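Colleague: Residues per chain, in single letters:
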Amino acid sequence: MAESKLHLLSDESKGEIDTWIAKYPKDQKKSAVMAALTIVQDANGGWLTQELMDMVAEYLAMEPISVYEVATFYSMYELKPVGRHKICVCTNISCMLCGSDAVVSHLKDKLGIGFGGITTDGKISLKEVECLGACGGAPMLQIGDQYYENLTPEKIDSILDNLK
Amino acid sequence: MINIEIDGLKIEAQDGAMLIEAADEVGISIPRFCYHKKLSVAANCRMCLVDVEKAAKPLPACATPVTEGMKVFTQSQKAISAQKGVMEFLLINHPLDCPICDQGGECDLQDLAVGYGGGETRYSENKRVVKNKNIGSLIATDMTRCIHCTRCVRFGEEIAGVRELGAIGRGEHMEIGTYVASTISSELSGNMIDLCPVGALTSKPFRYSARNWEMQRHPSIAGHDCVGSNIDLDVRDNNIMRVVPRENEEINETWISDRDRFSYEGLNSKDRLTAPMIKQSGEWQRVSWDTALAFALNGVKELVGRHGAEHLGTLVSPSATLEEMYLLQKLVRGLGSSNIDHRVRQLDFSDQNRAPAFPYLGQSIESLGQSDAVLLVGANITKDQPILGHRVRQAALFGAKVMCVNSVDYKVNMPLAEKLITDVAGMEAALAGILKALLNMNKIAAPSGIDQLLHSVSISATHEKMAANLSKASHGSVLLGLSAASHPAYSTLYALAECIAELSGAKLGSLSLGANSAGAWLSGAVPHRTADSASSNQTSAGLNAIQMFTAPRKGYFLFGIEPEFDSVDPVVTTQSLKDAEFVVAFSSYASTVLSDVANVFLPISPYTETSGTFVNVEGRWQSFKGVVSPQEDTRPAWKILRVLGNLFELKGFDYMSSIEVRDELKKCLGDIKLSNKRAWLCPELSGNISEQIVEIPIYGADAITRRAVSLSITPDATGHTIVMN
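Chains as they are written, first to last, in this note's numbering: chain A, 1 to 164; chain B, 165 to 889.
For the record, the hints were derived by calculation from the structure and aren't laboratory data.
No false leads were mixed into what you were given.
Pair ranges (Cβ atoms, derived):
hint, chain 1, residue 1, chain 2, residue 2, range
1, B, Glu336, A, Glu63, 23 to 33 Å
2, B, Glu289, A, Phe73, 18 to 28 Å
3, B, Ala219, A, Glu149, 36 to 46 Å
4, B, Ser638, A, Phe73, 35 to 45 Å
20 Å max Cα-Cα, derived SDA-like pairs, lysine to any residue:
hint, chain 1, residue 1, chain 2, residue 2
5, B, Lys575, A, Glu3
6, A, Lys108, A, His85
7, A, Lys80, B, Met338
8, A, Lys127, B, Glu336
9, A, Lys80, B, Glu339
10, A, Lys30, B, Glu321
11, B, Lys221, B, Arg196
12, A, Lys86, A, Asp101
13, A, Lys29, B, Leu561
14, A, Lys164, A, Asp121
15, B, Lys368, B, Met379
16, A, Lys80, B, Val344
17, A, Lys127, B, His337
18, B, Lys718, B, Gly463
19, A, Lys30, B, Ile332
20, B, Lys575, A, Glu58
21, A, Lys5, B, Val344
22, A, Lys108, A, Thr152
Here are some chain B residues the structure puts well away from chain A; computed CB gaps all over 10 Å:
hint, residue
23, Asn208
24, Gly233
25, Val278
26, Asn296
27, His312
28, Arg371
29, Arg400
30, Ala473
31, Val572
32, Gly590
33, Ser635
34, Glu796
35, Cys846
Bear in mind the structure is a predicted one, so any value in this text is a computation, not a measurement.
Just so you know, even glycine gets a beta-carbon here, dropped at the ideal spot from N, CA and C.
Start from the sequences and build out the full structure, keeping to the hints where you can.
Modeller: Below, the structure is given as C-alpha cells:
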C-alpha cells in the first residue's frame, strides 16, 4: 500500500467534499467523485496532479484507476497546469455553423497560443470543447462559470480586456 | 421457464437469462467480443446485435433479457447488416498486422471478420496508434489492436479482485491501461490473455514462439497446488509451448493460476537433468541407466547391510504422482524401512496417528464457494491456492463473512469481515479466544477438557464477532492453510479449529502442500501408515520428515526434493545429507546443493512427460498422460521404481503401466471415507513458542516453478518472508 496522501486535503476542501458525500447513500461514497475532483482541482489552481487524484481515491475508498478514468473522461478536469483563466471555446456543430472558426482564429492571434497552450504570463489558457448546450447563443465560449454568447471579434476583445 | 423462438427454433430459457445465454444453450452462435459468461455484461462492443420481432432496432443479445413469446432472428437481413456495420467500425482502427500477431489463428476478431468483415475498407484516414504499456513479465501488450471490449478491466475488478487496468480517456482517445505505469500484480492475471478477443494482450513468455495451428493440444492436470486445475498443454516438436485452462466447472471453471500457466518455462531449464549420473571420488560422470541403477543398488545394499534398513530415510515431494509415491514407499518398505515422508514443511507431527485418511477440504470446491462464513487459519489462500482463493472471494462478494487468523498480514483481494493478526505464538490464543466466545455465546456443553483448557484464555471483541459470524452461518467453513500446517503447534491449532468448526456447525478443511499431499497420505508416503491401512496406523512408525534429519540417517532417497528449499530447516537437512554415506537423488534437475550431497542422480520425468495421477484437496483422483516424450535419457519415475523393485528382488513390481499401479492402490484402499471426523481428544496449549515459520514464496513452491523465469520476476516472487516471534 502506498503511503497516505490525505495530508494533501485541506480542511476547507474536506468540508466541501463531505457535504457532497452526505447527499449519497452511506455505502456509495464514490458517487461524490466528480464533485470531489472539481473541488480539489479548484483548490489547486485549476488542475489535478496524480497525487491529488490518489488522494481523492483514498478519501472516497476507491481504486486509484477508477478516479483516473473519471478524470481523463470528462473535459472539465485538467491534468496539466492551466492559466488563471481557462477559455473553453465550443467548436461543435451549431457554433461552427455560426462562425466559431473565426472566433478561434481571433483568439489564437490575439493571445498568441493554440489550443492547449498557456500565455507566457500564465494568465490565460485556451481549450477546444464540445457542445456546452448554449446553441441558441452560438458561437459561444466559457470562462470559469460564465458563458459568453453571440461572440464577435469586438466582444471577444472586451471580454479579454476585462479579465484580471 | 420462458418460451422463446430463435431462428425458428422453439426453446425454453431460464427466467432472467439474456438472449445470448439462451442461444448458447442450444448451440446457436451469436458473434460477440465483450460478452463472457463469467463476467458482468458490458454491452459495449455491439457485435451481438440481433433482430427481435416488434423491436424497431436490432438489440444486443448479451443485454436483452428473454421475455415470453419473443421471436429472435440472428441471421435475418437486419441482424446481419447490423453485425456487419459493427464489424466495419471495429476494423476502422484495428491494424492489419495479423501475420505478425500472436493471436493470429485463434483470434475472435479475425474469425468473425471472415464472416462479417468487408473485403476492403472504405476509410482512407490514418489508423490510430496507441502506445504499448509495460504491465509486467507475463503479459505482452499491443494496445493498437485493442477494441475496447473491457473484458480485462472487468476481469480485474470481478475475478482477480484488483482493479489495475482501466479505460483512460474518451471517445477515439480511449485507451486501456494503468494510467500510472505499473505491473499487474494479480496471481490470476494470465487469464486476461485468454479473455482478450484480439491480440492486444498476449502471453509474453510464449511470444513469437509458435502458431496456434502448429501445436497439438493435450489434456493434463496442473501440478503446482492442491486444486488440480484442469489444463491443456500445447505441444510442438515434443516441446510444451504453453499451458491454457481446460474448462471444468467443478474445479477451476475457466481459469487457472499464473503458476499453473507459466511454470512450464521451468521444464526446459538449463539445469534439467537429462542423463543418469554417478559421483565417483567427487566427480560426476554421465553413465548408462544400467550402470546408474547397479550403482544405486550396490550403494543401498551395502548401506543396509552395514547399518540396517532403519538407517535409510526417504523424502518425497508432495507434488510427485500417486503412482510414484506408492511405488517408492513400496520399495523402501520392502527394504525394511518405514522412514518415508512428504511433509517437508511440517514441524509438529504429534497427532499424526489421529489424522484423517488425507488432508481433506471437508467439502467440494464448488461447495466452498457457497460458504456464507469462512474462517481462514494460517492461510494465504489468495496466493497459495489462487483458484480456491477465487472461490472464497466469490463467496465474500455474495455476502459471506470471510475472516482470518494469521501470523502474517497477507494481502488479500477480498473484503474481510474480521481480521486477527498475531505473532506465531499467539495463534493458539487467538483460536482459543474464538472457541471460548463460541462456548459462551451458545451455552453449549464443551467437549471434555476444553473448559479447563480455556480457563485462563481472554476474549476480545474480535473473537466474539468471529464466533458470532460462524454460528450464524448456515454454511460455515474453517480452513487451515499452509502456514498453519508449518506451525510449531499445528496439532493444537488443528484441534482448536476442529472444535470451533464442530461447535459452530462449520465444515473443517485443510489446504495442503503441493499437488498431491492427499495422494501421499493415501499411498503411504507417510512413516506411520501404508496404503493397506490408510486410516489405521502401523505399530512401528518410521521417522518423519524432521526426525530423519535431527537423528541423521546413513543413507537417503530424495525424490523430487531440493533440500535447500523443500525443508523447514535447510541447514540441518543439508548437513545430514552431506554427512550421509549414500544418497540417491530422483530428480528432474541437478541443482548445486543436490549435486553436492547426492551420490547418484536418477533423472525422472516431470508430470508433463509421465503418466500419473494427482489426488486433489477434494479427494478427486485425476489421471493424466505424458504429453511429450521424456527428455533425452530421463524416464518416468514409476518405470525406474519398477525396475529398482525388481533389481532389489522385491515381490510385486511387475507393472506394465502406471494404470496398473493406480488400480492396485485403489483396490488396496477400498472405499475412502471423505471426512475429517475423528474422535475428540483435548489438545494442550503449548504457550512458549519461539520457532519461526518460513513462508513459502508463491513461485518457490516446487522445483519446476522455481525455474520459471518469467514468474520469478513478478511482484509476487519477492523471496521468503521469515516470521520470528
